[in-house]
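K.L.:
If you read the protein sequences in the order shown, they are chains A, B and C. Each residue of the first sequence is one higher than the one before, counting from 1 in our numbering. Each residue of the second sequence is one higher than the one before, counting from 1 in our numbering. Each residue of the third sequence is one higher than the one before, counting from 1 in our numbering.
Since the hints were made in silico from the structure, they are not lab data. Computed from a prediction, not measured in an experiment: that's the story for all the values here. Incorrect hints may have been included.
[Stated by the list, open to error] Simulated DEER-style distance windows between Cβ atoms:
(1) B/Ala71 / C/Met91: 32 to 38 Å
(2) A/Leu380 / B/Ala71: 53 to 59 Å
(3) C/Leu38 / A/Tyr299: 43 to 49 Å
(4) C/Trp10 / A/Leu380: 58 to 64 Å
(5) B/Ala115 / A/Leu35: 36 to 42 Å
(6) B/Gln20 / A/Tyr299: 30 to 36 Å
[Stated by the list, open to error] Every beta carbon over 10 Å from chain B, so not counted as near; a handful from chain A, in silico:
(7) Leu35
(8) Gly58
(9) Val70
(10) Ala121
(11) Phe240
(12) Leu259
(13) Phe262
(14) Ala337
(15) Gln355
(16) Ile387
(17) Ser430
(18) Ala490
(19) Trp498
(20) Val534
No residue lacks a Cβ here, since even glycine has one placed at the ideal position from N, Cα and C.
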Amino acid sequence: MTDAAAPIDHAEPRSRSVIAGSYLDSEGGGLSEWLLTTDHKRIALLYAVMITAFFFIGGAAATLMRLELVSPAGHFLTDDEYNRVFTLHGIIMVWFFLVPLIPATFGNFFLPLMIGAPDVAFPKLNLMSWYLTLIGGLCVLAALLMGGVDTGWTFYPPYSTAFSNSNVALAVLGVIIAGFGTIATGVNFVATTHTLRAPGMTWFRLPLFVWTVYATSLVMILATPVLAITLMLVAADRLFGLPVFDGFRGGDPLLFQHLFWFYSHPAVYIMILPAMGVVTEIITCFARRRVFGYAMMVYAVLAIAIIGFAVWGHHMFVSGQSVFANLVFSFLSFIVAVPSAIKVFNWTATLYRGQITFEAPMLYALGFVGLFTIGGLTGLFLASVPIDIQVTGTYFVVAHFHYVMVGGAVSAYFAGLHFWWPKITGRLYSEAWARFAAVLMFFGFNFTFFPQFILGYLGMPRRYHTYPAEFQPWNVMSSTGAVVLAAAYALPLFYLVWSCFYGKISPADPWHAKGLEWRTSSPPPKRNFLRTPVVTEEPYDYHDPGAAPQAEARPVDAARLAAVAPRPIGGAHG
Amino acid sequence: MAEAALASRTPNALREPWSQLSRQREAATLGMWLFLMSEMLFFGALFMAFSFSRALDPAAFAEAARHAEIAYGAANTAVLVTSSLTITIAVRAADAARGKLAARLLAATATLGVAFLVIKGFEYRDDLRHHLFPGHDFALGRNATQIFWAFYWAMTGVHAIHLTVGVVLVLRLFWLVRRGRMSLASPQLEVTSLYWHLVDAFWIVLFPTLYVAARG
Amino acid sequence: MTAKAQRVAWLGPILAWVVLLFATAAVAWLGVGASGGLRFGGALALAALMLGTLAFGLVGVGRNPALLRLVAGAAFLFLALMFFLSFADLMTRLR
Chain A
1 MTDAAAPIDH
11 AEPRSRSVIA
21 GSYLDSEGGG
31 LSEWLLTTDH
41 KRIALLYAVM
51 ITAFFFIGGA
61 AATLMRLELV
71 SPAGHFLTDD
81 EYNRVFTLHG
91 IIMVWFFLVP
101 LIPATFGNFF
111 LPLMIGAPDV
121 AFPKLNLMSW
131 YLTLIGGLCV
141 LAALLMGGVD
151 TGWTFYPPYS
161 TAFSNSNVAL
171 AVLGVIIAGF
181 GTIATGVNFV
191 ATTHTLRAPG
201 MTWFRLPLFV
211 WTVYATSLVM
221 ILATPVLAIT
231 LMLVAADRLF
241 GLPVFDGFRG
251 GDPLLFQHLF
261 WFYSHPAVYI
271 MILPAMGVVT
281 EIITCFARRR
291 VFGYAMMVYA
301 VLAIAIIGFA
311 VWGHHMFVSG
321 QSVFANLVFS
331 FLSFIVAVPS
341 AIKVFNWTAT
351 LYRGQITFEA
361 PMLYALGFVG
371 LFTIGGLTGL
381 FLASVPIDIQ
391 VTGTYFVVAH
401 FHYVMVGGAV
411 SAYFAGLHFW
421 WPKITGRLYS
431 EAWARFAAVL
441 MFFGFNFTFF
451 PQFILGYLGM
461 PRRYHTYPAE
471 FQPWNVMSST
481 GAVVLAAAYA
491 LPLFYLVWSC
501 FYGKISPADP
511 WHAKGLEWRT
521 SSPPPKRNFL
531 RTPVVTEEPY
541 DYHDPGAAPQ
551 AEARPVDAAR
561 LAAVAPRPIG
571 GAHG
Chain B
1 MAEAALASRT
11 PNALREPWSQ
21 LSRQREAATL
31 GMWLFLMSEM
41 LFFGALFMAF
51 SFSRALDPAA
61 FAEAARHAEI
71 AYGAANTAVL
81 VTSSLTITIA
91 VRAADAARGK
101 LAARLLAATA
111 TLGVAFLVIK
121 GFEYRDDLRH
131 HLFPGHDFAL
141 GRNATQIFWA
151 FYWAMTGVHA
161 IHLTVGVVLV
171 LRLFWLVRRG
181 RMSLASPQLE
191 VTSLYWHLVD
201 AFWIVLFPTL
211 YVAARG
Chain C
1 MTAKAQRVAW
11 LGPILAWVVL
21 LFATAAVAWL
31 GVGASGGLRF
41 GGALALAALM
51 LGTLAFGLVG
61 VGRNPALLRL
71 VAGAAFLFLA
81 LMFFLSFADL
91 MTRLR
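Work out the full structure, taking the sequences as your base and the hints as a guide.
P.N.:
In structure tokens form, the structure reads like this:
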């Protein structure tokens, strides 16, 4: 009763190669076939390569920062250089890594598969999105090569408009162009979800990953244009002298902050919502349980997306906003935590009485739940105005957002990467190495960022590279943790790439999971399914509704464990 | 008769991943509306910023706004509204398989768009002659009058860029329809007209707001 | 399409266009003729009228499926949020 009853569509029988007959083989392997593809799966891989490259660049900046912060007096960067380094780190990591991280890779690859479609609604537009992101990234890199930007990733005027002697216009232009790519992706995904669902795939049969990508796409469409126009006004001031935010001429710098954070707060929901979707897919699979409270999970996702547009002022509590506005935004920020909390409770309830196994995706997903909870709770501290007045602009805030963005979204990315690796590549990765990397990442992450909560509470400001000597032990701890974290990020690069050449060949459904993506071959054929699927099951149909399954041996265990460790498992059937 | 023959000769509008043209049109229309939604936030944020800035110093904005030439603004509004009419009828003509009429109306739309830009060009020239560009030789002083004019140049400039893109898109459609290279049933016609109407909508709000209401 | 239906299809847009031209003239008149609250309120009211006429008379939003009207409405909702909360700050600052 446990296994999927739905048949699996196999592409042509595997001959010599894992990829023969699949999307990896269908158009030829030349560079121009890849760069002109309109296949959503190939575009997803193009994004993955781009994002990885940007991650290394942003990570290099982080490395420089943590190296510099080992000693209280700046020992190899000047003030100005440090400003440029943390600005680069922020710009690259926010717009060219975190925003596209899950939607552009797993969203692109799996949205059509999960709804039973052959591709997205506008395949050419999909490719255009990738190019827009790439061009934007190249503009930012050009700005870097020309000396960088020193305004912080937030570009606050009047410094960015009137005083900074750095390449502000070029950098904001890059972000604007990338933003158009994001909007195009959002339009594509929403239209796809509305119009290309397979017969029988009703809205409330969709996997939660699809719901989160859908909500994320709505946020992308509504929020990103506001960023675009705001940065355009900054560029207009830099290039043409148009003084919209100039306090000396009767403008208001706080207006910039209202506009900027109107986008940038929903932007963090763009980063976290798809991560939540990935985690739901994985927790249900590796606990062998239906998700607890599917409908509430859907409403929570939509609530986060909508209420998330109303909380931006919590970034401006000490900027000169009125007390009344502070109270309103504080209140709304408390409210927006409620749907997130509901999701954490529901994941926990999903795990309850589950038949949990700890493969690497599950380790990352469980790590997400813990780290996101810490990040989210500290967000609540920051939503409280009195606390925020104490810790705003300190490392407390830095720790908070790294817990949710890195501990949260990046963990979820790695979870999805491992979960879906067999589907994308047709290969199995080394489970032992993967589990090691997951645990190492969890420890390295906490080692890096937990001391920063303490540093912030003690008063160390962010964006400073010199600090009082009494803060040094915490900084050294954080920098040491960063080394461990870097190792944990590098490891998957090795064993995943190794698996592409030498890994065991994966069956179509190595995890015995639910979801239409597992009902086609690994890797999938170019048009995803040989026949359009017809959906009759509810999502996460791992057991009868209301049933709490007893412990039973899963047929997959024997095969999986035999693949990585030669000891036979006694008592297994099937 | 010639229309029907033309329509039957033009290539199939169906594209990947669609199996039915009606579904494709639905998706294209939805996609364009979603894009319009983003554009509404784009221009809407500009209006919010303008209103916010005006609330900081209504008197300076009133003084600055009095230098905006209503005649130019009204003429441009009339031109643009007419172009919205012509493109609406062009799309309906295409739906009724009247390709030649559709082509003519598309040409009229593009012409009106260019007319707008020409009139705007004259207006910009006058504005510059009167030193109404913010900077050290600005005519009205170093105060919020410069903020008003910053918004004027930014908003009309952004609008003009959008309009130029629209003109190019409409000209492309005109050329394709005229040559019979595009099916009259293609979603592109309606989708382009939606974009055109959006550009018109932005101007329809801009003219009363900047040229008139701001005068106080 | 019948000839009558074809004529009706042109009439709606032409009527909307006429309304828009009159409204434009009214706005221009307010700009030169009126002053104060009448000018401010009148201009904004005419802007809303013109937007509605464009949307319903030329774009034909009223004939659209519910989904598209929801999309159009959603943009206004979030814009309203942006206006409202930003002005909540501005209007309650201590001078």
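K.L.:
Evaluate each hint against the coordinates.
P.N.:
Comparing the hints with the structure gives:
no., hint, result
1, B/Ala71 / C/Met91: 32 to 38 Å, "holds, 35 Å"
2, A/Leu380 / B/Ala71: 53 to 59 Å, "holds, 57 Å"
3, C/Leu38 / A/Tyr299: 43 to 49 Å, "holds, 46 Å"
4, C/Trp10 / A/Leu380: 58 to 64 Å, "holds, 59 Å"
5, B/Ala115 / A/Leu35: 36 to 42 Å, "holds, 41 Å"
6, B/Gln20 / A/Tyr299: 30 to 36 Å, "holds, 33 Å"
7, Leu35, "holds, 18 Å"
8, Gly58, "holds, 27 Å"
9, Val70, "holds, 42 Å"
10, Ala121, "violated, 5 Å"
11, Phe240, "violated, 7 Å"
12, Leu259, "violated, 6 Å"
13, Phe262, "violated, 7 Å"
14, Ala337, "holds, 25 Å"
15, Gln355, "holds, 38 Å"
16, Ile387, "holds, 29 Å"
17, Ser430, "holds, 36 Å"
18, Ala490, "holds, 38 Å"
19, Trp498, "holds, 34 Å"
20, Val534, "holds, 15 Å"
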